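The whole structure should be built from the sequences, with the hints applied where relevant.
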Amino acid sequence: MTKYASDFTPQEMIVVAGSRTLEDNKVVFAGTGLPMVAITLAQLTHGPGIVPVFEAGSVGPTLSRGLPLSVGDSRTTYRSNYLQGLNSAFELTQRGFCDIGFIGGAEIDPYGNLNSTMMGDFPDGYQKPKVRLPGSGGASDMACSCERTIIIMVHEPRRFREKLSYITSPGYLDGSPNARWKAGLAGQGPYRVITTKAILGFDDETKRMKLIATLPGETVQSVQDATGFELIIPDDVYEFEPPTVEEIRLIREVIDPKGYFMKKKIKE
Amino acid sequence: MFWTGLSPDEARQFLANKDKSKRDKRMTLKEAVQKFVKDGDNVGIGGFVNGRQPIAIVHEIVRQGRKDLTLSFQSAGLAVEYLAGAMALDESKNSIRRLELAYWAHEAFGISPLFRYLAENGKIEIEDWSNYNMSARFKAGSMGLPFIPCRSPLGSDMLKKNRAKVIECPFTGRPIMLLPASHPNVALIHVQEADIYGNCRIQGPTYTCPEIAKASAYTIVTCDRLIEHDDMTRHPNRVTIPFFAVDAVVEVPFGSYPGNCNGVHYFDEKHIAFFRDACEKFRKGDPAALTNYYEKYIFGVSDFTEFIDQIPLADLYYIQKNEPSTTLDAAFTVLG
Numbered sequence: 001m002t003k004y005a006s007d008f009t010p011q012e013m014i015v016v017a018g019s020r021t022l023e024d025n026k027v028v029f030a031g032t033g034l035p036m037v038a039i040t041l042a043q044l045t046h047g048p049g050i051v052p053v054f055e056a057g058s059v060g061p062t063l064s065r066g067l068p069l070s071v072g073d074s075r076t077t078y079r080s081n082y083l084q085g086l087n088s089a090f091e092l093t094q095r096g097f098c099d100i101g102f103i104g105g106a107e108i109d110p111y112g113n114l115n116s117t118m119m120g121d122f123p124d125g126y127q128k129p130k131v132r133l134p135g136s137g138g139a140s141d142m143a144c145s146c147e148r149t150i151i152i153m154v155h156e157p158r159r160f161r162e163k164l165s166y167i168t169s170p171g172y173l174d175g176s177p178n179a180r181w182k183a184g185l186a187g188q189g190p191y192r193v194i195t196t197k198a199i200l201g202f203d204d205e206t207k208r209m210k211l212i213a214t215l216p217g218e219t220v221q222s223v224q225d226a227t228g229f230e231l232i233i234p235d236d237v238y239e240f241e242p243p244t245v246e247e248i249r250l251i252r253e254v255i256d257p258k259g260y261f262m263k264k265k266i267k268e
Numbered sequence: 001m002f003w004t005g006l007s008p009d010e011a012r013q014f015l016a017n018k019d020k021s022k023r024d025k026r027m028t029l030k031e032a033v034q035k036f037v038k039d040g041d042n043v044g045i046g047g048f049v050n051g052r053q054p055i056a057i058v059h060e061i062v063r064q065g066r067k068d069l070t071l072s073f074q075s076a077g078l079a080v081e082y083l084a085g086a087m088a089l090d091e092s093k094n095s096i097r098r099l100e101l102a103y104w105a106h107e108a109f110g111i112s113p114l115f116r117y118l119a120e121n122g123k124i125e126i127e128d129w130s131n132y133n134m135s136a137r138f139k140a141g142s143m144g145l146p147f148i149p150c151r152s153p154l155g156s157d158m159l160k161k162n163r164a165k166v167i168e169c170p171f172t173g174r175p176i177m178l179l180p181a182s183h184p185n186v187a188l189i190h191v192q193e194a195d196i197y198g199n200c201r202i203q204g205p206t207y208t209c210p211e212i213a214k215a216s217a218y219t220i221v222t223c224d225r226l227i228e229h230d231d232m233t234r235h236p237n238r239v240t241i242p243f244f245a246v247d248a249v250v251e252v253p254f255g256s257y258p259g260n261c262n263g264v265h266y267f268d269e270k271h272i273a274f275f276r277d278a279c280e281k282f283r284k285g286d287p288a289a290l291t292n293y294y295e296k297y298i299f300g301v302s303d304f305t306e307f308i309d310q311i312p313l314a315d316l317y318y319i320q321k322n323e324p325s326t327t328l329d330a331a332f333t334v335l336g
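Chains A and B, in that order, are what the protein sequence lines are.
Our numbering numbers the first residue of the first sequence as 1 and each following residue consecutively.
Our numbering numbers the first residue of the second sequence as 1 and each following residue consecutively.
Check each hint, because a few of them may be wrong.
Claimed, not checked - DSS-like mimics (lysine-lysine), calculated; alpha carbons at most 30 Å apart, straight line: (1) B:K161 / A:K182; (2) A:K130 / B:K160; (3) B:K67 / B:K20; (4) B:K321 / B:K284; (5) A:K128 / B:K123; (6) B:K93 / B:K160; (7) A:K258 / B:K321; (8) B:K123 / A:K130; (9) A:K130 / B:K281; (10) B:K67 / A:K128; (11) B:K270 / A:K258; (12) B:K281 / B:K123; (13) B:K281 / A:K258; (14) B:K321 / A:K130.
I should point out that these hints are in silico values taken from the structure, not numbers from a laboratory.
Note that the structure is a prediction, hence the values are computed from the model and not measured.
This is the structure in structure tokens:
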């Protein structure tokens with residue numbers, strides 16, 4: 001019988017959910033932070049054939065020399081199968097070699113568009129934003145050109161907004177039919193949004209965000225209450241299986257023992 | 001349309017008039033910065049976030065003082081944070097006028113306090129791009145093309161405020177994005193190995209360093225070690241930057257410290273956090289820690305060796321020991 005962990009943090013739950021969402025043998029373009037932890041966990045559990053790609057140029061490394069602190073650091077290059085630079089990684093992605101892009105953002109809207117650039121008034125306040133965020137990095141390239149994307153988010157109302165101050169990484173844009181294709185994009189867009197409270201997807205017709213599963217301790221109502229827009233709630237929403245003792249052990253003892261990505265506080 | 005740095009035609013003319021000979025390009029970092037970095041320049045920053053960033057070159061620029069710089073890079077951390085810190089402390093000596101960038105922060109070490117400070121106070125002009133965009137813009141420059149097509153990030157708000165154009169592809173009829181080439185006035189690059197002519201052998205990810213070096217009017221290279229030219233040419237397809245794209249070569253061991261240099265050393269996490277904390281205190285209104293940092297480590301020393309001299313040897317051993325990549329992947333003799 002599977003033993004479930006009785007004590008786990010919101011980050012650990014996100015990482016477990018992210019890991020379980022990844023299929024074995026897929027090429028996964030990994031963003032910085034929690035996505036790297038989730039990919040490593042998937043490799044150590046059900047997905048030894050997952051091929052990580054990092055934007056600084058590394059393809060298919062073995063992540064056994066410690067969790068990378070940067071998507072360009074030496075730990076992303078250990079036993080790499082192919083190692084060039086940024087143009088190479090993004091050209092491979094644009095060509096279609098990357099099945100999944102695994103990214104995070106500061107804010108998300110109902111169509112899976114992400115903001116990681118600025119808070120404030122755009123375009124008028126662009127040169128003097130209320131809060132300046134780090135910027136796109138490679139996230140917008142991954143959101144555009146990986147075949148599908150999985151998005152990791154902290155689930156709070158101020159991060160789930162009907163309208164963003166700035167769209168950095170395109171999801172389904174305005175949700176109109178074939179919006180991505182009409183914009184000239186190659187990839188199909190967001191597949192899942194994994195948060196501290198739920199697993200979400202997108203409605204086939206309207207492309208608006210829908211609830212798929214609630215995480216342990218959450219209800220349909222508590223998830224909706226933490227979302228700044230109305231979610232589509234289908235009849236078949238289910239409760240997500242809690243993290244196992246083994247998954248939590250791998251995260252704490254093997255993948256991130258120093259807690260670089262797991263010990264950061266999530267403000268509730 | 002406007003160009004920052006050189007226009008494509010100016011960049012071509014510049015190379016036509018340039019001495020491209022294979023000659024000894026060794027000089028001190030002080031000389032290299034005096035000669036090749038001017039007020040108002042568009043500066044191409046090598047490395048990626050805190051990997052193989054040109055820290056020693058930036059320290060020297062800060063010591064000498066340069067104003068009204070445009071900084072062009074895909075993702076940067078420490079190199080631009082050091083320039084921003086100098087600007088924050090004394091804008092009359094060092095200043096950044098404009099950024100063409102995809103990302104400025106420190107990943108696992110946190111966001112950039114001074115990017116927030118500069119942007120939120122309206123002190124710099126910003127042009128946002130994606131990592132692929134900035135890399136492809138340097139690539140277009142390195143190929144002698146005025147623009148390069150790209151699919152991402154079509155649909156993003158970035159396109160509303162940058163110089164990208166969306167056209168209908170003449171062959172497929174679908175929208176496609178065109179990016180203007182980038183030709184900085186000067187590129188700042190740190191590599192593991194170079195020879196006296198400027199041939200560079202980058203180990204690990206090349207990031208966008210070869211493209212930036214080839215696109216720029218001048219390139220300053222620092223290297224962890226100068227090696228014999230014969231050892232360099234024994235593996236010609238491992239030369240990642242050719243000599244005629246380089247103008248100055250300076251041997252600066254630990255030249256990208258406290259960042260990571262593949263095969264040489266990992267991050268000095270303690271020192272990065274120490275410097276970043278001083279920057280964060282400045283953003284929150286207390287400049288003392290940042291002032292002290294610059295006085296002790298940059299203005300209080302005459303060169304980068306004296307900076308490294310203040311780092312405990314045990315810490316340097318630790319980051320060397322902690323580096324997971326192969327130390328040498330091609331045999332060479334260190335130049336005597």
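Here is what the structure says about each hint:
no.: 1; hint: B:K161 / A:K182; verdict: 21 Å, holds
no.: 2; hint: A:K130 / B:K160; verdict: 19 Å, holds
no.: 3; hint: B:K67 / B:K20; verdict: 29 Å, holds
no.: 4; hint: B:K321 / B:K284; verdict: 36 Å, violated
no.: 5; hint: A:K128 / B:K123; verdict: 8 Å, holds
no.: 6; hint: B:K93 / B:K160; verdict: 33 Å, violated
no.: 7; hint: A:K258 / B:K321; verdict: 18 Å, holds
no.: 8; hint: B:K123 / A:K130; verdict: 13 Å, holds
no.: 9; hint: A:K130 / B:K281; verdict: 19 Å, holds
no.: 10; hint: B:K67 / A:K128; verdict: 21 Å, holds
no.: 11; hint: B:K270 / A:K258; verdict: 14 Å, holds
no.: 12; hint: B:K281 / B:K123; verdict: 18 Å, holds
no.: 13; hint: B:K281 / A:K258; verdict: 25 Å, holds
no.: 14; hint: B:K321 / A:K130; verdict: 42 Å, violated
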